[in-house]
Amino acid sequence: MKSSLSMRVTAGVLVIVAAVLIGGGFLIVNVTERRDGRDAAGELQRIAGNLTPWVAGTLGIRPPAGTPGAAVPLQVLDRYGQPVAQPARPNGPPPPPIDVRQPLRDAFAASGDTASPVGRIAFVRAVDPQSGERLLLGTVPSGFPAMSTRPGARTTTIAGAHWRSAVVSGPAGLLIEVGAPERISARAASLRTTVIWTTVAGLVIALVATLLVTGLALRPLELLRRKAARISDAEDLGIRVQQPGQPTEVAALAGELDGMLARLESAIAAREQALVAARRFAADAGHELRTPLQSIRSNLDIARFRDASPGERRLALDVATQQSERMNRLVDGLQSLARGEAGLVQSGNEVDLGDIADSAVYVTRTRHPDLSIDVDLPESGPTVLGDGDGLWRVIENLLENAARHGRSGGHITMRVAPLNGGAEIVVDDDGPGIPPAERERVMRRFQRGPGATAAGSGLGLAIVEAEANRHGGRLSLTASKLGGLRARVSIQTL
Amino acid sequence: MTRARVLVVDDDEVIVDSLRRALELEGYAVVTAADGTQALRVVAADRLDAVVLDVGLPDLNGRIVTARMRAGGLATPILILSALDQVDDRIAGLEAGADDYLVKPFAMDELTARLRALLRRQAYHSEQAAGVDPPVRLGLLLVDCHAVVATWDRRDLRLTRRELALLETLARNPGVTLSRDRLLELVWGYDFAPDSRALDVFISHLRRKLDTAGAPRILETVRGVGFVLRRP
Numbered sequence: 000m001k002s003s004l005s006m007r008v009t010a011g012v013l014v015i016v017a018a019v020l021i022g023g024g025f026l027i028v029n030v031t032e033r034r035d036g037r038d039a040a041g042e043l044q045r046i047a048g049n050l051t052p053w054v055a056g057t058l059g060i061r062p063p064a065g066t067p068g069a070a071v072p073l074q075v076l077d078r079y080g081q082p083v084a085q086p087a088r089p090n091g092p093p094p095p096p097i098d099v100r101q102p103l104r105d106a107f108a109a110s111g112d113t114a115s116p117v118g119r120i121a122f123v124r125a126v127d128p129q130s131g132e133r134l135l136l137g138t139v140p141s142g143f144p145a146m147s148t149r150p151g152a153r154t155t156t157i158a159g160a161h162w163r164s165a166v167v168s169g170p171a172g173l174l175i176e177v178g179a180p181e182r183i184s185a186r187a188a189s190l191r192t193t194v195i196w197t198t199v200a201g202l203v204i205a206l207v208a209t210l211l212v213t214g215l216a217l218r219p220l221e222l223l224r225r226k227a228a229r230i231s232d233a234e235d236l237g238i239r240v241q242q243p244g245q246p247t248e249v250a251a252l253a254g255e256l257d258g259m260l261a262r263l264e265s266a267i268a269a270r271e272q273a274l275v276a277a278r279r280f281a282a283d284a285g286h287e288l289r290t291p292l293q294s295i296r297s298n299l300d301i302a303r304f305r306d307a308s309p310g311e312r313r314l315a316l317d318v319a320t321q322q323s324e325r326m327n328r329l330v331d332g333l334q335s336l337a338r339g340e341a342g343l344v345q346s347g348n349e350v351d352l353g354d355i356a357d358s359a360v361y362v363t364r365t366r367h368p369d370l371s372i373d374v375d376l377p378e379s380g381p382t383v384l385g386d387g388d389g390l391w392r393v394i395e396n397l398l399e400n401a402a403r404h405g406r407s408g409g410h411i412t413m414r415v416a417p418l419n420g421g422a423e424i425v426v427d428d429d430g431p432g433i434p435p436a437e438r439e440r441v442m443r444r445f446q447r448g449p450g451a452t453a454a455g456s457g458l459g460l461a462i463v464e465a466e467a468n469r470h471g472g473r474l475s476l477t478a479s480k481l482g483g484l485r486a487r488v489s490i491q492t493l
Numbered sequence: 000m001t002r003a004r005v006l007v008v009d010d011d012e013v014i015v016d017s018l019r020r021a022l023e024l025e026g027y028a029v030v031t032a033a034d035g036t037q038a039l040r041v042v043a044a045d046r047l048d049a050v051v052l053d054v055g056l057p058d059l060n061g062r063i064v065t066a067r068m069r070a071g072g073l074a075t076p077i078l079i080l081s082a083l084d085q086v087d088d089r090i091a092g093l094e095a096g097a098d099d100y101l102v103k104p105f106a107m108d109e110l111t112a113r114l115r116a117l118l119r120r121q122a123y124h125s126e127q128a129a130g131v132d133p134p135v136r137l138g139l140l141l142v143d144c145h146a147v148v149a150t151w152d153r154r155d156l157r158l159t160r161r162e163l164a165l166l167e168t169l170a171r172n173p174g175v176t177l178s179r180d181r182l183l184e185l186v187w188g189y190d191f192a193p194d195s196r197a198l199d200v201f202i203s204h205l206r207r208k209l210d211t212a213g214a215p216r217i218l219e220t221v222r223g224v225g226f227v228l229r230r231p
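If you read the sequences in order, they're chains A and B.
Numbering (numbering that gives the first Met the number 0) for the first sequence: 0 to 493.
Numbering (numbering that gives the first Met the number 0) for the second sequence: 0 to 231.
Hints were generated in silico from the structure; no laboratory data involved.
All values reported here derive from a predicted model rather than from experimental measurement.
Beta carbons are placed, not taken as given, at the ideal position from N, Cα and C, and that holds for glycine.
Hints may contain errors.
[To be verified] Here are the in silico distance ranges between beta carbons for each label pair: (1) 103(B) <-> 286(A): 18 to 26 Å; (2) 59(B) <-> 414(A): 39 to 47 Å; (3) 267(A) <-> 23(B): 52 to 60 Å; (4) 348(A) <-> 23(B): 40 to 48 Å; (5) 23(B) <-> 300(A): 21 to 29 Å; (6) 176(B) <-> 365(A): 53 to 61 Å; (7) 154(B) <-> 431(A): 54 to 62 Å; (8) 223(B) <-> 304(A): 30 to 38 Å; (9) 431(A) <-> 132(B): 51 to 59 Å.
[Unchecked claim] Derived SDA-like pairs (lysine to any residue); straight-line CA-CA distance at most 25 Å: (10) 103(B) <-> 284(A); (11) 103(B) <-> 31(A); (12) 480(A) <-> 223(B); (13) 103(B) <-> 192(B); (14) 226(A) <-> 238(A); (15) 226(A) <-> 248(A); (16) 103(B) <-> 33(B); (17) 103(B) <-> 223(B); (18) 103(B) <-> 248(A); (19) 103(B) <-> 238(A); (20) 226(A) <-> 4(A); (21) 480(A) <-> 368(A); (22) 226(A) <-> 192(A); (23) 103(B) <-> 193(B); (24) 103(B) <-> 88(B); (25) 103(B) <-> 323(A); (26) 103(B) <-> 4(A); (27) 103(B) <-> 297(A); (28) 103(B) <-> 262(A); (29) 103(B) <-> 365(A); (30) 103(B) <-> 330(A).
Please model the complete structure; the sequences and the hints are all you need to start from.
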């Protein structure tokens, strides 16, 4: 079974409500039962107490002076006003009749109504321990135990019926007992039924209410889901799901979703952009490679031409060789660029940038023996974290660029110095330089500076920039004091 | 004098063929192999003076072929060929015992110039080793070219032949800064400046191995000049 949130909440609420109702009902029934027991005892004792003067009079016991019963002329009548048979008195005249109606009426008045915990008084009995005289009014149910000599209230069960009785002591040891059928269990039973029905009704109400409330409470979530579904339906990552008026929790969730969507959107946009760039790159590269390839092909054709003079043949082969070198540089450059654009250097080694520069200067001097290169390096370092091969390419390309675009037989200066925990590389040449308006453009690939020869790959500065970016740095071009271009690369320590 | 025998290993037929023709024009006897397994078979069966080995072979990579050749006792120069982006393979090849590398495409002159120099140097080293060349001792450093071993504090540095030759050259001139050109000439026999960073790679290997053996930093770069081995 799928567990829905509202089902869970409802089940939880039902369990709690049921526990409360059942527990509460049980408590109420219990407490009522006990209180009824106490009430029943009190009621019976009160009735018995009310009857005491009359019983005492009947049995010839003089009540203490000042008791209201003493002055009352008594005739024993039953509760319906009929004279009650007097127990035989062996000596003396029969006592005056006692009217028991009033006390009995009094006795029964409070009993038997629905609010009372006891039913109608069934019997009254008394015993005078001194004379051994007994009195019985009404009917004692058969099987009812003999009268107790200890005052107090008790419960008796005879054939499944509950009886309540109370014994009180009157003057001169007189004991009076009043008995009545008990009503407590009946009342408790009816109370229990009420509690059960209340519980059932409560549960049903709780069920319906909880379903309604959870439905209402979860409605913002459902709205959120629908909104999110629209994103995939419409394939539009620009849709945002957070809205004013959402409850805090839903707003937080929506906020997270929106953040995720934004990241996804920008990642996809970046990928799209990279794809477009890669396509353009491939197209550009193809075009750039085809040019030297065409030249090689043409020159090889010339060399093979039957009528070509040895001098022409020689020239054609020389040009073909040159063009193949140019192509080679292009491919090298493209590979470097592909590496450089591969993304940030994640974990670098400790690289001594000075040593790298030293090695690159040596290579450049070897390639361009006519140039004079002034090198300003600290005695050791600066040390940076990075990709040694990529950093070598940065410096080599800067020097190569200065050598190619500077004055032939000219002068280059290079300085490598620590900078803010990273390093900077500055290369100056004394060539014609690049006008400010052109500087941005020449950093792009396949873009050559004004007056550049076709021999360059047009990739040098693009490679430098890509590698610098990869190392968290940047390339900037300015005018050099030497008259040419100043290229400055900053390298961040990763 | 008999013609020097060179083994050319490359899986590209066109390249093998053009290299063979060019080297034969230069006066070498050329043996060819199309993959690493075949190359190892030739090395085991034939007497060779030099090996030209492509690092990107279809079956075994250049590092494994080089290592197996060296393990089999081959002492001849091994020159590896690689594409520009095969940096790791190239460095692994040098570490496994190759002597130098060339990045494809290269000018044929470049290849023949290096081969000539390496073969000349090889002959020179063999003569020196045949004579009694005393081991060099510098503090805890001992370089014994005759026994082909170098140790720091009696711990073997596990150098390849070319690393050993480089360390020996530096150790015979303690405190003297040797220029890159001079080192290339003394160790490789190059009287030209090769367009490769092999020297830097070997220097960094030596530094690492000395460091691993617990030596202080005695192999220093003197910027703008070359390298020097300080007396420890």
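Results for each hint:
no.: 1; hint: 103(B) <-> 286(A): 18 to 26 Å; result: holds, 24 Å
no.: 2; hint: 59(B) <-> 414(A): 39 to 47 Å; result: holds, 46 Å
no.: 3; hint: 267(A) <-> 23(B): 52 to 60 Å; result: holds, 57 Å
no.: 4; hint: 348(A) <-> 23(B): 40 to 48 Å; result: holds, 43 Å
no.: 5; hint: 23(B) <-> 300(A): 21 to 29 Å; result: holds, 27 Å
no.: 6; hint: 176(B) <-> 365(A): 53 to 61 Å; result: violated, 19 Å
no.: 7; hint: 154(B) <-> 431(A): 54 to 62 Å; result: holds, 57 Å
no.: 8; hint: 223(B) <-> 304(A): 30 to 38 Å; result: violated, 50 Å
no.: 9; hint: 431(A) <-> 132(B): 51 to 59 Å; result: holds, 56 Å
no.: 10; hint: 103(B) <-> 284(A); result: holds, 19 Å
no.: 11; hint: 103(B) <-> 31(A); result: violated, 104 Å
no.: 12; hint: 480(A) <-> 223(B); result: holds, 23 Å
no.: 13; hint: 103(B) <-> 192(B); result: holds, 17 Å
no.: 14; hint: 226(A) <-> 238(A); result: holds, 8 Å
no.: 15; hint: 226(A) <-> 248(A); result: holds, 16 Å
no.: 16; hint: 103(B) <-> 33(B); result: holds, 17 Å
no.: 17; hint: 103(B) <-> 223(B); result: violated, 28 Å
no.: 18; hint: 103(B) <-> 248(A); result: violated, 63 Å
no.: 19; hint: 103(B) <-> 238(A); result: violated, 52 Å
no.: 20; hint: 226(A) <-> 4(A); result: holds, 19 Å
no.: 21; hint: 480(A) <-> 368(A); result: holds, 23 Å
no.: 22; hint: 226(A) <-> 192(A); result: violated, 50 Å
no.: 23; hint: 103(B) <-> 193(B); result: holds, 14 Å
no.: 24; hint: 103(B) <-> 88(B); result: holds, 14 Å
no.: 25; hint: 103(B) <-> 323(A); result: holds, 12 Å
no.: 26; hint: 103(B) <-> 4(A); result: violated, 67 Å
no.: 27; hint: 103(B) <-> 297(A); result: holds, 23 Å
no.: 28; hint: 103(B) <-> 262(A); result: violated, 42 Å
no.: 29; hint: 103(B) <-> 365(A); result: holds, 19 Å
no.: 30; hint: 103(B) <-> 330(A); result: holds, 11 Å
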